[in-house]
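Residues per chain are reported as follows:
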Amino acid sequence: MPRPLSLHEDRLFPADPGVRAIARRLYGQVKDLPIISPHGHTDPAWFATNAPFSNAAELLLAPDHYLYRMLYSQGVAMDRLAVPSRKGASSADPREAWRLFASNQHLFRGTPSAIWLAHVFSVVFGFDVALEAQTADLYYDRINEQLATETFRPRALFDRFGIEALATTESPHESLDHHAAIRASGWGGNVITAYRPDPVVDCEHEAFAEALGRFGELTGQDVMSWQGYLEAHRIRRAAFAAAGATSTDHGHPTAATADLSPPDAERLFQTIVSGKATPAEAELFRAQMLTEMARMSLDDGLVMQIHPGSFRNHNAQVFARFGRDKGADIPQATDYVRALKPLLDRFGNETDLTVILFTLDETSYARELAPLAGHYPILKLGPAWWFHDSPEGMRRFREQTTETAGFYNTVGFNDDTRAFLSIPARHDVARRVDCAFLARLVSEHRMAEDEAGEVAVDLAYNLPRRAYKLDRKPARELAGAG
Amino acid sequence: MPRPLSLHEDRLFPADPGVRAIARRLYGQVKDLPIISPHGHTDPAWFATNAPFSNAAELLLAPDHYLYRMLYSQGVAMDRLAVPSRKGASSADPREAWRLFASNQHLFRGTPSAIWLAHVFSVVFGFDVALEAQTADLYYDRINEQLATETFRPRALFDRFGIEALATTESPHESLDHHAAIRASGWGGNVITAYRPDPVVDCEHEAFAEALGRFGELTGQDVMSWQGYLEAHRIRRAAFAAAGATSTDHGHPTAATADLSPPDAERLFQTIVSGKATPAEAELFRAQMLTEMARMSLDDGLVMQIHPGSFRNHNAQVFARFGRDKGADIPQATDYVRALKPLLDRFGNETDLTVILFTLDETSYARELAPLAGHYPILKLGPAWWFHDSPEGMRRFREQTTETAGFYNTVGFNDDTRAFLSIPARHDVARRVDCAFLARLVSEHRMAEDEAGEVAVDLAYNLPRRAYKLDRKPARELAGAG
Amino acid sequence: MPRPLSLHEDRLFPADPGVRAIARRLYGQVKDLPIISPHGHTDPAWFATNAPFSNAAELLLAPDHYLYRMLYSQGVAMDRLAVPSRKGASSADPREAWRLFASNQHLFRGTPSAIWLAHVFSVVFGFDVALEAQTADLYYDRINEQLATETFRPRALFDRFGIEALATTESPHESLDHHAAIRASGWGGNVITAYRPDPVVDCEHEAFAEALGRFGELTGQDVMSWQGYLEAHRIRRAAFAAAGATSTDHGHPTAATADLSPPDAERLFQTIVSGKATPAEAELFRAQMLTEMARMSLDDGLVMQIHPGSFRNHNAQVFARFGRDKGADIPQATDYVRALKPLLDRFGNETDLTVILFTLDETSYARELAPLAGHYPILKLGPAWWFHDSPEGMRRFREQTTETAGFYNTVGFNDDTRAFLSIPARHDVARRVDCAFLARLVSEHRMAEDEAGEVAVDLAYNLPRRAYKLDRKPARELAGAG
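Protein chains in written order, with the working numbering: chain A, 249 to 730; chain B, 249 to 730; chain C, 249 to 730.
Hints were generated in silico from the structure; no laboratory data involved. Because the structure is a prediction, the values reported are computed rather than measured. Be a bit skeptical, because a hint or two may be false.
Heads up, the list lumps identical chains together, so a pair's fine if it works in one copy or across two of them.
What the hints assert, rightly or not - Okay, derived cross-link-like pairs now, DSS-like style, lysine-lysine, Cα gap no bigger than 30 Å in a straight line:
1. 717 / 279
2. 524 / 589
3. 717 / 589
4. 279 / 335
5. 717 / 524
6. 279 / 589
7. 335 / 589
8. 279 / 524
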C-alpha cells in the first residue's frame, strides 16, 4: 500500500492548541487573497504561446535544481535525471528519470521541496497517494494525461491559481516579444517583466561580450562608450517599463556599491569593455552600476532589487558540463554596512526611491539589514530568499528582523521561482508561516489579534503591491496605515 | 472607538499552559525586586534639579531614536518629529509631532518599543486606550497634565520605580556637578556615574581636541604628554569613583586591544595628539587604551565594560544635519577571539579584574563570547544589547550563551537607556523573558524548578549587584552560590 | 536535605502534550539501539589493560575541560581541581578537588555538562540525591567503591553501555599497541582507531619535529623527502586500517584546502621541514595535505573528517603552565565556500569518497555547509560539534541544515569525548533532541509519523554506520532508502 497523501489544514501552524487556533483565524483572512508575484523566473513564452507542458519529468524535475541537486548530492548522475547539459537535452528516458526521482523521496524529508511537491501533487494534480517507487508510473501517466488537457495549459493554470500579477525577469539584451504577444493576445493575465542587467554589467559573466553586442543593436547606441552605454540602459529600461516592468534586479556576488566621479567611472568602463579588467575592476564596475541604476530609478521610478551573496557556479566540473543554475551556487558571508555606504551616502535619504535588499547570509538580518532598513528611507527588506524560502527560514527572518525593522519595512513574499506549478504552494507556505509567527506574538500578548490580522493581510497582499508599485488595479487599503 | 490598552499579566510568557504556569511562578519571585540599573544614559541633571519634564513629545519622542528612526525609515522627516538638529530645537509644534507619531503606531507592531510604550502609557500614565490618531490629543494633554504634578518629577518617579541603584554615564572632560548636587541634596536616591573616556581616547571623535583640552584643565595635567595623559585618567577615575562610579565603559568600533611596549605606546600617543594619526593608528590607540584601562582597573577596582561593533553615524547627511545618536548607528561583524587576545595575554587570568563584554553581532554569542567567558576569569557577558534588547534578542542570548558560559558568567540586565520612564518596562521585559527561558528548561526537565527560581533571582538582582560591585547596601545572598 | 536526583523520562522533549507524545513514540524506537561511536577520544589503554579507574576526581573531573574550565572562569585555580600541569600530576587532594567541584554545581545549570553528569550519576552510579556540597563525600566514596569493582572496569562498562563500535583517535607517529592488545585479548568489544595526522602535518604544532622523527622510524621512510613523507602516510594509513580504522580526522585552524602542482607541493614541503616556514606557508601546507589525504582516501577508502575552526591554546599562560586541551580553545569564524574549493574542484564529484565536515561556526550551517552538502557528492555534514554538542546546539543544527541538506546528507551523532562514562548520556541526548525535532515536524504536518520514525532510526543507527563504513557486522536496512 502506498502512503496516503493529504494536506492537513493546519500544516505549518504551531502545535499548541491555543496558538494554532489563532493562526487558523489569521490564515482565514489571507488564504484566498490574490497572489502577488513581483519577482520570479517563469518563462513568458508559456503565457505567450499557451502551449501545453510536455511531461512530468521535463516540467517538474529537469528544470528544478532544488530537486536534482539533492539526488546529485547522494551520487545520482544528473544525466539520469533528465537534466539537460550544454550539449542539449538529456538522453535519459523521462519516465526512468521520474522513477529515480520517485524512489528517492526520502531525501526531501524536512525540506520545503517536500511541502511544495505535496501541494502540487495534491491540489494541482489531485493525487491522494504519495509519490514513491510503487506509484511512480501512476504519477507519471496521470500527470501527463492532465498536462495534455486544456485546464492545464499555462493561462488556465495562471487564472486558476488566482494570480493578480506575475513578474518574469529578462535582461536588457533580450527581446520582450513574448510579453508583447501576451498583451496582444487579449488574455487578461497580468504578466510583466523586470529589468535584470547583469549580463551587460558583469564582465565576468560568460555571455558578457555577446550580450553587450546585442544590447547595442537593440538600442542603436554605441555601447562601447560610457554615455552610449548609459543611454542604452535608459532606452531598455523604458522599453521594459512599457512592458509592465516596475522593478530592476541585480544579482551580484557582493552588495558592494561605489560612487565614482564621472571621469573615474568612464575610465573604469573603458577598462571593462577592453576585456582586460581585473576581478577587482569587474567588482568595482558592478558596484558603480548599482549607483547608476539608482540614479536612473530616481528618474523612471523602477524599484531596485539587490540579490547579492551567491558564489555562482561553484562546482567547476558541473559548470563545464551543464552550465549555470544547476544547484551549485553557494551562499557566502555578505557585508552590507560598508558595502552599501557609497550608494546610501548619495541617495539613502531620498523618499522617491525604493531599494529592496535580499540576503543569503542570515547573520545580516538582525545585525545589518534590519538596522539599515529601520533607518534609511530608501531601504526595504525582501523576504527570506532561496535557501531560506522555507518554514524555518521564514520564521528566522521574522524573528530576526521584526524587532528592529518592524513589518512595514518588509515587502511581503516573493516566490522567485521557475517552477510555475509551485507558485500557489509557495505563497501558501509564506502565508501560513507569517500567520504562525503572528499567532505566537498574539498568544504572548505582544500584539492584539485584530492588529495581527491587519498585518497578515498587509504581508500577503498590500505590502508587495505597494512596494513594487503594482497598483494599476485598485488596491485594498493598507490596513494598518494611518 | 479606540483600541483598548491593557497589559496582560502573562505577556511574554510561552503559550503552552504548563510552561506558562512555571513562568508565572518564577516571575512571581522576581517581579517586585528592586531595579539595579548599572549602565545607562539618563541625565543626572534630572535628579539634581528635579525640574518637571516638559511635554510628551519632548520627553518621549524627540530624544528616543528607536522611535523617530522608524518613522524616518518610512519617509517622515525628522524635523516634523521635534527632533533637534545641530542648529538647535526643532521648529515643529510638539503637539503636531505627537499626532504624527500617534498615527504611525502600526510601524512599531512586533517591536520592543511597542511593549515599552504600552507599559509606560498604562502603568506610568494610567491610560486604558491605545495611542492612535484619534487618541493623540487625549494622550498629549493628559501626559502633560501629569508631568506638571509633583508625583511625576524625576525623583518621585525614581522612588516610585523601585530603583535601588542607577548609573549614568559621563566622560572625563565633563563635570560631575549634577552628581555632587544629588548627593548634597539629601535625597536618598542612589544615582552614580560611570567613566566613559571615549571622547579623550578616540581621536576620530569630532570633539576629541576640545575634550582633551578640558581634560587637561580639570586635572591640571599636561595631557599632551603620555605620562600626564595617563595620570589625568587616574585623577578623573578617582573623582568618578568618589561620585559613586564602580565601572568604566568603552564604546569602540571594534573590540581590538593592544599591548604595546611603553616606548611604542608613548610614540603612538604623540602621533595621536599631533592630529596626524591615520585611521589605523587611531584604532591602535583605542586598542592600547583598553589595556591601559584594564591596568588602572587592577589598581582602583573599576569594572570595565566594552561595547564594541557599532558603525556610528552611518548616514552622512543625517550626521551633518542632526549630529550623533540619531538612529543611524549600524552594527557590524565583530571579532573577539583575536581582538581581545593582547589584553587577555596580559591580564586574562587575573581574579581581581572584571571585564564585561557586549556585542551587536549575535553570531559571536555561541562562537566566541560564551567560550571566552566560560574560560577566562576576568570575562563576563553583558546582556543582549541595543538592537537585541528585545524579547527575541534576549531569548537568543540565553539560548546561545547558556550552554557554554552558564548563567553565572552573565551579569543580569542593563537597560542602557536615555528613556527614563521606560526603565521599569525594560527590566520587566528582561525578567519575563528570563523566566520564560527558565520555564522552558524546567518543563523539559533540564533544571529543577527550585534551581530555576534561584537563577531568576540571581539574574534579576544578585548578579548585577555583584558584577558591578553595587553592594554598599546589604545584598541578598546569591541564591545559587555554594 | 540534599536535592533529589532523578532523570525524568520525558527530559528534553517539548512541553506541549501533543508534541511530547509524538516525541515519546519516536524515542521508543531508538532508545535501545546499539551505540555507534565513530569518532572520539577515549584511551585505548583502558580497553587494552582493563585496569580499574582510579577515583572520582581523576576519572570525572581532572580530564574533563568542560567542567574545570567553568570553575576556572569563576576564579577557581586549576591546581585545586586536580588538573595536571606540564610538571605532572596536581598536588591537590582529589577529595578536596571533588568537594570544590561539588559545591559549585550551580555553575552548570543550563549546560549539557549538567545533563551528562546527572545521567552518569543516576544511571551509571545509581545515585538518587544530587551532587552538592553536603553530598560531596557520599559521592566521592561511593563512586570510588564502585570503580574498584569488576562491573566498573572499562570492558564491563563498554558492554553494559551497548556500544557496537567505538573509534579512538591516534596519530601516525603513535603506536597502535593498545589496539593490537585489545584484538589479541579475545574480548569481543569493537574498538577501532582513526588516523589523525595533525602532529606530522602541522609544523606549528609544538611536537611536530619529534612526531616527524618518530613517523620516519615507524615507517622506515625518509620523511624529510616529499615522496618518502607521502609514502609514510600510506604505510601508516594501511596499518591504521588494519587496526580497524575506517576514517581519518583533520583538526586544522581553518578549512583551507589547496591543490598545488607536484613541484610546488614538493618545494613547499621542503620549506616546512626546514623549520623556516612562515605562518602562511604552514597554513598552505595543511591545506595541501587535505587534498593529499583525499587522494589517498580514494585509494584506501578511509572516510575523511575535517574539524576546523578552533583557535587552539588561546590562553598563553594556561598553555605555558598546563599544556593543550585545557578548555582554552576558542572557536573562530570559519569560511568553507572558498576554503574547500581547491579540494572540491579536484575531487568534489567523486562518488567513492566521503568527506565529513564539522564546524564550530554555526553561521555556516545554513549559509555554506547545507548548500555544499546538498550538492557535492563527496560531502556530508558531521553533527553539532563540541560547544554545540548540546540540546540547543543540536536543535539549531537540525533547524538550520535540514531544509537544504535534508537528513540524509548528515551522519548521525558523534560523541567525540574523552569522558567514557558519559557516552551513553551523550547519545541519549542526541536521540532525544532529534526525536523532539522530528516530533515538531510531525505535529506541524511537515512529515508523517511513520517517516519520522524511519528518520529517527536512521539518525541513531543506520547513517553513522553507513557513513563511517562500520558495516562489518550485518547492518539493519536503512529504513528510508529506496
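Cross-check of the supplied hints:
1. 717 / 279: within (22 Å within a copy, 48 Å between copies)
2. 524 / 589: Answer is both; intra-copy 28 Å and inter-copy 25 Å each pass.
3. 717 / 589: Result: close within a single copy only, 26 Å intra versus 41 Å inter.
4. 279 / 335: neither (43 Å within a copy, 51 Å between copies)
5. 717 / 524: The answer is neither: 40 Å in one copy and 50 Å across copies each exceed 30 Å.
6. 279 / 589: Answer is neither: 39 Å inside a copy and 44 Å across each miss the 30 Å cutoff.
7. 335 / 589: between (43 Å within a copy, 25 Å between copies)
8. 279 / 524: neither (53 Å within a copy, 63 Å between copies)
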